[in-house]
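Trainee: Sequence:
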Amino acid sequence: MEKTAFDDSALRETTVDSAAVFDGVLLHVRRDTVLLPNGRATAREYVRHPGAALIVPVLDDGCLLLERQFRYPNRTVFIEFPAGKLDPGEAPLVTAQRELREETGYTAARWRTLGKIHPLVAYSDEVIYLFAAEGLTLNESRHDADEFLELITMTPAEVATTIERGDITDAKTVCAFSLWRGLGSEIRSQRSEVSKGG
199 MEKTAFDDSA LRETTVDSAA VFDGVLLHVR RDTVLLPNGR ATAREYVRHP GAALIVPVLD
259 DGCLLLERQF RYPNRTVFIE FPAGKLDPGE APLVTAQREL REETGYTAAR WRTLGKIHPL
319 VAYSDEVIYL FAAEGLTLNE SRHDADEFLE LITMTPAEVA TTIERGDITD AKTVCAFSLW
379 RGLGSEIRSQ RSEVSKGG
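In short: position in the sequence shown from 1, add 198, done, that's this note's numbering.
Just so you know, the hints here were simulated from the structure itself, not pulled from any lab data. Hints should not be assumed to be uniformly reliable.
Between beta-carbon pairs, the in silico distance windows are [claimed, not checked]:
{"hint": "1", "residue 1": "G380", "residue 2": "S322", "range": "23 to 31 Å"}
{"hint": "2", "residue 1": "R238", "residue 2": "R379", "range": "39 to 47 Å"}
{"hint": "3", "residue 1": "R379", "residue 2": "K283", "range": "23 to 31 Å"}
{"hint": "4", "residue 1": "V372", "residue 2": "T212", "range": "33 to 41 Å"}
Think about it this way: if two alpha-carbon atoms lie no more than 20 Å apart in a straight line, the pair counts; the simulated DMTMM-like pairs of lysine to aspartate or glutamate are [said to hold, decoys possible]:
{"hint": "5", "residue 1": "K370", "residue 2": "E356"}
{"hint": "6", "residue 1": "K283", "residue 2": "D323"}
{"hint": "7", "residue 1": "K370", "residue 2": "D323"}
{"hint": "8", "residue 1": "K314", "residue 2": "D285"}
{"hint": "9", "residue 1": "K314", "residue 2": "E288"}
{"hint": "10", "residue 1": "K314", "residue 2": "E332"}
{"hint": "11", "residue 1": "K283", "residue 2": "D344"}
{"hint": "12", "residue 1": "K370", "residue 2": "D285"}
{"hint": "13", "residue 1": "K370", "residue 2": "E324"}
{"hint": "14", "residue 1": "K370", "residue 2": "E348"}
{"hint": "15", "residue 1": "K283", "residue 2": "E345"}
{"hint": "16", "residue 1": "K283", "residue 2": "D221"}
{"hint": "17", "residue 1": "K283", "residue 2": "E324"}
{"hint": "18", "residue 1": "K314", "residue 2": "E324"}
{"hint": "19", "residue 1": "K283", "residue 2": "E300"}
No experiment lies behind these values; they were computed from the predicted model shown. Backbone N, C-alpha and C fix where the C-beta goes; we use that ideal spot for every residue, glycine too.
Can you make the complete structure from the sequences, with help from the hints?
Mentor: As C-alpha cells, this is what we get:
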C-alpha cells in the first residue's frame, strides 16, 4: 500500500531554540521555541520518550495473554498486553522478544509486525511498535524486582467485550487488539513474518 503524498510545508513548525526542563530516569521534558507557518514564535513543551514495543501473545488455543498491572499516575489496575521500553540502540523486535520473556515467561516461534502508533501526539514523541507473537513456549518469567503483575488469558471475544464495557482503556492495548483482530487477516496476508525464534 503506497503512502499518500501530502504537501506539509504550510503546516510545519521550525525549531528556534530548545531547552531541557526536566531529565528523569525514563522521561525527559523539553521546552522549545518554534516559528509557526505564519512566522510568529511560540513555545512547545513536550515529553521525550525512548519508545516501546507491545506484544499481542496468541496462545495455541487462540486465547490471548494479558496482564493486570497497577499504574501509579491513574492509581488504577489496568488490563494490558505485555509491553516495555526500548533500550538504547535496541531494535523494536528485540525489545518485544525480551519483554515477552521477562514479563510472561514465554518465548515465541513466530513474530508478526502489526504496525506502530504514536499514542500522545500533542505532548510526547513516544512511538510504540506493535507485534503479534505465536507458537508460544512457556519457560520462566524474570520480572524486575519492583515489577508486580498478574497474567490472565481471554478469548478474543472476551477482550472485545471487556473493551466495549470500558474495562480495558489502555490505548496501546485497544489499538493493538483492533489491528490484530480487525485488520489482522489483511495484515497477515500482506506482511511477511519479521522473524522466527525469540
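Trainee: Now tell me, hint by hint, if it's right for this structure.
Mentor: Status of each hint after checking the structure:
Evaluation of the 23 to 31 Å hint for G380 and S322 yields a pass: the beta carbon distance comes to about 25 Å. At roughly 44 Å, the beta-carbon separation of R238 and R379 lies within the given 39 to 47 Å, and the hint holds. One distance hint, 23 to 31 Å for the beta-carbon pair R379 and K283, holds here, with the actual separation near 25 Å. In this structure the hint that V372 and T212 lie 33 to 41 Å apart at CB holds, the actual value being about 34 Å.
Note on K370 and E356: the hinted pairing holds, with a Cα-Cα distance of about 17 Å set against a maximum of 20 Å. With a C-alpha separation of about 13 Å, the suggested pair K283 and D323 falls inside the 20 Å cut-off, and the hint holds. Restraint check for K370 and D323: satisfied, since their Cα atoms lie roughly 15 Å apart, inside the 20 Å limit. At most 20 Å may separate the alpha-carbon atoms for a hinted pair to count; K314 and D285 meet this at roughly 17 Å.
This hinted pair checks out: K314 and E288 have alpha carbons roughly 16 Å apart, not beyond 20 Å. A threshold of 20 Å between alpha carbons decides the hint, and for K314 with E332 the separation of about 19 Å falls inside it, so the pair holds. Between K283 and D344, the direct Cα distance comes to roughly 16 Å. Compliance with the 20 Å bound is thereby established for this hinted pair. Distance restraint check for K370 and D285: the Cα-Cα separation of roughly 19 Å lies within the 20 Å cut-off, and the hinted pair is therefore satisfied.
Of the pairs offered as hints, the one joining K370 and E324 holds, with about 12 Å between alpha carbons and a cut-off of 20 Å not exceeded. Pair hint K370 plus E348 holds up; C-alpha atoms about 18 Å apart against a cutoff of 20 Å. Restraint check for K283 and E345: satisfied, since their Cα atoms lie roughly 14 Å apart, inside the 20 Å limit. In summary, the hint linking K283 to D221 is supported, as the alpha carbons are separated by about 17 Å, within the 20 Å threshold.
Only pairs whose Cα atoms come within 20 Å are accepted, and K283 paired with E324 is accepted, the gap being roughly 10 Å. A C-alpha spacing of about 10 Å is found between K314 and E324, which places the hinted pair at or below 20 Å, so the restraint holds. For the hint pairing K283 with E300, the CA-to-CA distance comes to about 13 Å; that is within 20 Å, so the pair holds.
Checked against the numbered hints given earlier, this structure breaks none of them.
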